[in-house]
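Visitor: Here is what each chain is made of, one letter per residue.
There are 2 protein chains.
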Amino acid sequence: MKDIDPPEMAKRLWLNDKILSVMEKYGFQMVEPTSIENLETLEAKSGPQIRDEIYFFADKSGRNLGLRFDLTVGMTRMIANRFDLSEPIKIGALSGMWRYDEPQFARYRHFYQWDAEIYGTSEQEADAEVIALAMDILENVGLRDYEVRISNRKFTEGFLRRIGITDGQQIENAIRAIDKYRKTSPKEFENEFLKIGIAEDIFRKISETISLNGTADQILSKIPQEYLKNEMSAKGHAELSKLFDLLEGLGKSRKSILDLSIVRGIGYYDGIVFEAYDKGGEDVGAIFGGGRYDKLCGLYGKREIPATGVAGGIERLMISLERASLFPNLSQSPKAFAAAIDEQSRRRILAFVAELREKGLSCDFDMKKRSLKKQLEYADSMKIPVVIILGPKELEKGMIRIRSMKDHTEVEVRTSDLVKEVTRKLQ
Amino acid sequence: MKDIDPPEMAKRLWLNDKILSVMEKYGFQMVEPTSIENLETLEAKSGPQIRDEIYFFADKSGRNLGLRFDLTVGMTRMIANRFDLSEPIKIGALSGMWRYDEPQFARYRHFYQWDAEIYGTSEQEADAEVIALAMDILENVGLRDYEVRISNRKFTEGFLRRIGITDGQQIENAIRAIDKYRKTSPKEFENEFLKIGIAEDIFRKISETISLNGTADQILSKIPQEYLKNEMSAKGHAELSKLFDLLEGLGKSRKSILDLSIVRGIGYYDGIVFEAYDKGGEDVGAIFGGGRYDKLCGLYGKREIPATGVAGGIERLMISLERASLFPNLSQSPKAFAAAIDEQSRRRILAFVAELREKGLSCDFDMKKRSLKKQLEYADSMKIPVVIILGPKELEKGMIRIRSMKDHTEVEVRTSDLVKEVTRKLQ
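Order-wise, the sequence lines are chains A and B. Be aware that the first sequence starts at 1, since it is given in the numbering used here, and climbs by one per residue. Be aware that the second sequence starts at 1, since it is given in the numbering used here, and climbs by one per residue.
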């Protein structure tokens with residue numbers, strides 16, 4: 001666990017604003033699901049093995065509880081029994097979550113994600129919408145050199161069935177192995193399939209197919225017709241074709257590719273799946289990912305609601321932005337510091353502090369009864385650009401001094417001109 | 001535990017912005033201490049009895065951990081061993097925390113607070129600063145009918161010693177009893193003191209003194225000189241006098257009163273203490289509170305650092321704002337909805353959706369292949385004020401229709417004028 005210090009917090013607050021403004025432009029309404037869930041809610045999605053990866057405990061009345069490990073579970077539970085809302089329901093969240101991972105690069109035990117979900121429609125319009133939203137979030141924070149890799153779990157499953165893998169468990173194993181495509185060496189990758197008893201000729205077909213990636217136009221036609229004779233894979237193929245057409249309509253096709261190796265590790269996806277990578281540093285992992293999960297709502301509510309969504313990690317995004325020097329200067333220093341010379345002016349300067357703040361200018365003042373020299377040193381160490389100075393001489397004349405810390409110039413102005421003159425110095 | 005739905009979240013996001021902008025004007029830099037602390041860190045401040053009030057558990061490697069119950073502990077731990085920062089250190093936070101309370105009115109098991117702390121100075125300037133900040137937070141969210149009640153623990157302790165309560169434990173008991181002054185009936189209040197063995201004549205003196213409240217001018221002179229013959233009470237009295245003078249300097253004296261019944265329940269306060277109440281509804285409890293705690297840093301670090309701070313509950317503030325109808329209209333509905341009539345226009349309208357968003361106008365579109373009538377009904381149910389409509393006729397002419405949902409008027413405009421015309425309709 002780690003604390004967030006001021007320079008990091010300033011970056012996070014800047015990012016939050018940028019993300020929320022895109023959520024708003026797309027019409028997603030923000031929510032926050034509870035941080036502590038019943039353990040069984042957390043297990044419903046991923047099975048009891050999730051306990052190895054989360055913080056869970058019994059409360060004083062013996063209920064089994066756990067800290068949320070993502071936002072999708074809670075958002076889905078929130079929606080599952082709401083029969084009063086017009087569909088589609090577009091909600092977003094931006095909050096922290098906890099996982100009992102071994103800490104490693106770009107993975108933390110407490111981390112933040114933004115998340116956007118659409119409930120109540122199985123049309124590809126919704127998949128295109130969450131992908132477009134996610135791309136605009138990256139664009140809006142300044143990250144332009146990325147790629148969204150898109151595939152479809154219906155296609156993958158239908159294709160696997162077509163080439164002879166028909167057992168449900170074996171399909172799941174194969175999908176989990178495919179998920180390792182980019183994360184392992186070719187030899188290790190092949191071993192993943194041998195381990196689960198997939199014959200070499202079948203592995204060759206899988207390997208050949210999932211290595212296909214490029215623009216939708218290039219790839220959709222390259223997939224052997226043979227593989228589309230399964231109803232599921234044909235449906236997945238059609239969904240992909242439709243999705244890419246919609247992304248083009250939304251002006252989002254240029255950075256989207258079809259990549260048949262994308263499956264997403266988690267079990268519940270059942271349609272479009274996608275992951276985005278920062279081309280300047282894939283080692284941080286996907287900077288967003290998501291897909292369609294039409295069956296999950298049924299686990300938490302009285303009905304199935306088709307759903308699709310996307311989530312991205314704040315910490316990974318921060319690493320990408322740091323590397324590309326994309327954060328603006330986010331000084332949290334106040335704009336002005338009020339320095340007083342004696343007891344009387346220390347008391348009288350407070351009115352000017354209040355006046356500057358009242359007018360929207362951030363201002364600090366001495367709280368340690370320091371000499372003027374020490375006050376100026378403090379203002380300098382805090383990178384405060386302007387210091388206003390009041391002493392007995394100024395008080396007598398109804399004047400106040402304004403010092404620019406950059407060039408050490410000073411002007412003496414009427415106290416009634418203070419706000420105007422400080423504003424001018426700051427320009 | 002409870003979820004935060006869109007209408008509530010919109011209010012929270014609005015409040016957060018308002019609070020952060022005041023923090024910035026006062027030069028507080030935002031941080032977030034870790035949500036999970038070592039149990040011993042949480043116990044350092046309040047003793048092992050804190051376990052009854054918090055969520056704690058052992059992690060998989062057997063470490064005792066707990067969820068933070070406030071922000072002050074973490075912020076103080078963050079600062080305690082930072083020898084590199086210029087003092088005073090002004091930091092703020094706005095985050096959630098957990099307490100294992102029985103849920104009751106205006107108290108929740110997971111709740112949010114804003115918190116501002118100043119480390120590194122024992123001057124009353126810092127106490128005045130956190131009180132002024134807190135008052136400006138209330139002013140900035142529109143809550144104007146409140147009162148800040150201020151006292152000083154040095155005065156209280158010195159006064160108790162002077163009237164004959166000299167045992168440390170007995171002083172602590174008496175302070176805890178005084179804390180119940182406004183929360184119990186006069187009879188119950190008296191019983192609190194009898195229970196801890198305080199004689200009736202001493203109770204009379206306590207009761208008389210703590211019932212003093214009013215402007216500092218009125219009250220400071222009313223305190224019997226006799227009670228100021230103790231060094232501590234005299235110091236407390238002088239600190240209060242200084243503080244009120246500084247508050248006046250900052251323009252914050254009008255809503256501040258001296259109230260000798262204010263002690264704050266928690267043990268570690270040792271100087272100025274204060275609580276603010278919404279005069280429109282004191283039943284929610286203090287809407288902010290705080291004080292000086294010069295000894296706490298020593299528990300977490302290698303040195304003692306004088307400190308003072310303030311915190312306020314978001315949920316209580318929300319109740320006060322609700323009651324006084326002070327929240328503005330915080331619609332999260334998009335400004336425009338794009339309705340298409342046939343397959344071709346469904347595809348073509350996406351470019352206009354993207355254009356509106358690009359220009360900063362929030363926009364949604366149909367994701368359920370609905371008829372125009374149903375699309376308009378949906379836009380209406382979502383309270384979206386403007387609908388743009390595209391069909392084969394409009395496509396042929398290079399035009400698009402703009403419908404105002406309020407008065408059902410429609411205009412047909414050139415597609416190149418879309419953004420301009422939608423903006424006009426929204427005015």
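Be careful, since some hints might not be right.
[Claimed, not checked] Computed Cβ-Cβ distance ranges for the label pairs, DEER-style:
(1) B:Ser61 / A:Asp283: 23 to 31 Å
(2) B:Glu40 / A:Asn191: 42 to 50 Å
(3) B:Tyr100 / A:Lys368: 51 to 59 Å
(4) B:Gly62 / A:Pro7: 21 to 29 Å
(5) B:Asp3 / A:Gln218: 43 to 51 Å
(6) B:Asp3 / A:Arg303: 44 to 52 Å
(7) A:Asn329 / B:Tyr100: 38 to 46 Å
(8) B:Asp3 / A:Asn329: 34 to 42 Å
(9) A:Asp3 / B:Asp52: 23 to 31 Å
(10) B:Arg303 / A:Leu372: 22 to 30 Å
(11) B:Arg303 / A:Asp342: 55 to 63 Å
(12) B:Met1 / A:Gly398: 30 to 38 Å
[As the list claims (entries may be wrong)] Cross-link-like lysine-lysine pairs, in silico, DSBU-like; alpha carbons within 35 Å at most:
(13) A:Lys383 / B:Lys302
(14) B:Lys11 / A:Lys302
(15) B:Lys2 / A:Lys60
(16) A:Lys369 / B:Lys11
(17) A:Lys359 / B:Lys255
(18) A:Lys60 / A:Lys18
Keep in mind that the hints were calculated from the coordinates and are not lab data. Yeah, the Cβ is synthetic: ideal placement off N, Cα and C, and Gly gets one too.
Visitor: Now, for every hint given, state plainly whether the structure supports it.
Guide: Right, here's what the structure says about each hint:
For the pair B:Ser61 and A:Asp283, the beta carbons lie near 27 Å from each other, so the given range of 23 to 31 Å is met. Under the hint 42 to 50 Å, the C-beta atoms of B:Glu40 and A:Asn191, about 46 Å apart, fit the expected range. Between B:Tyr100 and A:Lys368 the Cβ separation comes to about 40 Å, which falls outside the hinted range of 51 to 59 Å. A hinted range of 21 to 29 Å for the beta carbons of B:Gly62 and A:Pro7 is inconsistent with their spacing of about 34 Å.
Taken as a hint, the range 43 to 51 Å holds for the pair B:Asp3 and A:Gln218, whose Cβ atoms sit roughly 44 Å apart. For B:Asp3 paired with A:Arg303, a C-beta distance near 19 Å fails the hint of 44 to 52 Å. For the pair A:Asn329 and B:Tyr100, the beta carbons lie near 43 Å from each other, so the given range of 38 to 46 Å is met. Hint check: B:Asp3 to A:Asn329, Cβ distance near 37 Å, so the stated range 34 to 42 Å holds.
At about 26 Å, the CB distance of A:Asp3 to B:Asp52 agrees with the hint of 23 to 31 Å. Distance hint for B:Arg303 and A:Leu372: a CB-CB separation of about 27 Å, consistent with the stated range 22 to 30 Å. Checked against the given bound of 55 to 63 Å, the beta carbons of B:Arg303 and A:Asp342, roughly 30 Å apart, lie outside it. At roughly 58 Å, the beta-carbon separation of B:Met1 and A:Gly398 lies outside the given 30 to 38 Å, and the hint is violated.
For the proposed pair A:Lys383 and B:Lys302, the alpha carbon gap of about 28 Å is at most 35 Å, so the pair holds. Simply put, B:Lys11 and A:Lys302 have alpha-carbon atoms about 30 Å apart, close enough for the 35 Å limit, and the pair holds. For the hint pairing B:Lys2 with A:Lys60, the CA-to-CA distance comes to about 18 Å; that is within 35 Å, so the pair holds. With a CA separation close to 40 Å, the supplied pair A:Lys369 and B:Lys11 exceeds the 35 Å bound.
At roughly 21 Å between alpha-carbon atoms, A:Lys359 and B:Lys255 fall within 35 Å of each other, so this suggested pair holds. Between A:Lys60 and A:Lys18 the alpha-carbon distance is near 40 Å, which puts this suggested pair outside the 35 Å criterion.
The structure fails hints 3, 4, 6, 11, 12, 16 and 18 (numbered hints given earlier, in ascending order).
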